[in-house]
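Student: Residues per chain are reported as follows:
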Amino acid sequence: MVEFTLWDILRNLALAARWTVVLSLIAFLGGGVVGAALLVLRLSPSRIGRALVEGYVELFQGTPLLVQLFLAYFGIALLGLNTSAWTAATLALTLYTSAFLVEIWRGCVEAVPRGQWEAGTSLALSFSENLRYVVLPQALTIAIAPTVGFLVQVIKGTALASVIGFVELTKAGSMVTNATFRPFVVYSCVGLFYFVLCYPISLVAKNLERKLHAAHR
Amino acid sequence: MTVELDFGAVLASWPLLLVGVAWTLGLTAVSAVLGVLTGIAFAWARSEGPVLLQTVVGAYVELIRNTPFIVQLFFIFFGLPAAGFRLSPEVASVIAMVVNLSAYATEIVRAGIEATPRGQREAAISLALSPTQTFVYVVTPPALARIWPALVSQIIIVMLGSAVCGQISVPELTFATSLIQSRNFRSFEAFIIVAAIYLVLAFTVRRLLRWAGPRFVFGR
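Chains as they are written, first to last, in numbering that gives the first Met the number 0: chain A, 0 to 216; chain B, 0 to 219.
Hints in this document: simulated from the structure, not taken from any laboratory. For each residue, glycine too, the CB sits at the ideal point set by N, CA and C. Take every hint as true, because none was put in to throw you off.
Quick list of in silico lysine to any residue cross-link-like pairs, SDA-like style, CA-CA up to 25 Å:
(1) A:Lys-205 / A:Gly-148
(2) A:Lys-205 / B:Glu-113
(3) A:Lys-205 / B:Gly-57
(4) A:Lys-205 / B:Val-50
(5) A:Lys-205 / B:Glu-47
(6) A:Lys-205 / B:Pro-148
(7) A:Lys-205 / B:Leu-62
(8) A:Lys-205 / A:Val-195
(9) A:Lys-205 / B:Ser-152
(10) A:Lys-210 / B:Ser-46
(11) A:Lys-210 / B:Gly-57
(12) A:Lys-205 / A:Val-111
(13) A:Lys-205 / B:Arg-64
(14) A:Lys-210 / A:Val-133
(15) A:Lys-205 / B:Ala-58
(16) A:Lys-210 / B:Thr-115
(17) A:Lys-205 / A:Ile-103
(18) A:Lys-205 / B:Leu-51
(19) A:Lys-210 / B:Glu-106
(20) A:Lys-205 / A:Gly-31
(21) A:Lys-205 / B:Leu-52
(22) A:Lys-210 / B:Thr-54
(23) A:Lys-205 / A:Val-20
(24) A:Lys-210 / A:Phe-99
(25) A:Lys-205 / B:Val-151
(26) A:Lys-210 / B:Ala-110
(27) A:Lys-210 / B:Leu-62
(28) A:Lys-205 / A:Val-108
(29) A:Lys-210 / B:Ala-114
(30) A:Lys-205 / B:Ile-156
A short, non-exhaustive set of chain A residues, derived as facing chain B with CB atoms under 10 Å:
(31) Leu-70
(32) Leu-78
(33) Tyr-186
Given only the sequences and the hints, what does the whole structure look like? Please build it.
Tutor: Given below as structure tokens:
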């Protein structure tokens, strides 16, 4: 019989934590790209574009991430493609992240005074020029803190990918529990790992926010 | 290749879905009440309590907010029995949801309390109200009114999070869906339908709470 020491548990969880980090980064970057595209559509003068993005956001913020993961998992299979937990988790988390980021960023763009848009327009800047040179640079400073803060939500969200069989920290926790029969220790360690990943990011976000507020005062 | 979708096969099991909706709403209602009350108590502890209590509650809030709900649930359901607390899946789910919501509610309510003007507190003290009376009757109601929308959003997030409770076999909505799709293999259709149900629930619960807040929770 093999004995599992605390070191064995920690080592195995650490190995799996890599995949939590990788999945979080992919979802965050992918979500950022999709979110940016949606943001342009959301801010554009096109009424249909705006309504579409609003519906998209409602859809992803009004349903559980778990259901979105299942939908991606079974939906990709329905298209006749070979589904892996990887593709399903990446797809679902990317779309989920984009829906939240576009809403966060929209708030930041709206925090830029209306007069800035109007000044840009009166200088005969087109919509895209206005966005690129006048509004976005200002919105970007406001956006940094909440965007960093949302990364914590993404990391925590990846825990749900364990349900569709993606082996990351939480799934590894279940597997190690099944091997060691020490759920109390294992899940404490899993929680600790997440805390170590997320807490520094939360702190950075909080500091950024404070700094920004100080600058505005 | 054509894909045929058959929603009828899923909708035929509507009684199961209905039971799932009832469980999801029930879990949400119980944990919303307990979670918000705990959150108010913790917010008091964090802003006015003794220093030691402030530190403990602060650590609790950070610990819960920086770990995923599913891990909290698994810790309570699988981990605690090893330490001698055996819980049914339903009780474990409610505890996990209350713990989760209370941590967020603490921060939300605290923001509302800190935004209450000093003068109101001073007025209450000058009218010889005790610190407890001041907190309950003077500070809390306008604080809740101020942060109610944020609190409602958090309750919705917890409701959507309860989808995870199906993983420990609580018969809530997502669990019901998994059961249905395991019987008729209409997985995609089943989850499309349940997503639509969650959308309706989120919309309705938000409307209901926004309506109920000023009438029953913080008065006028």
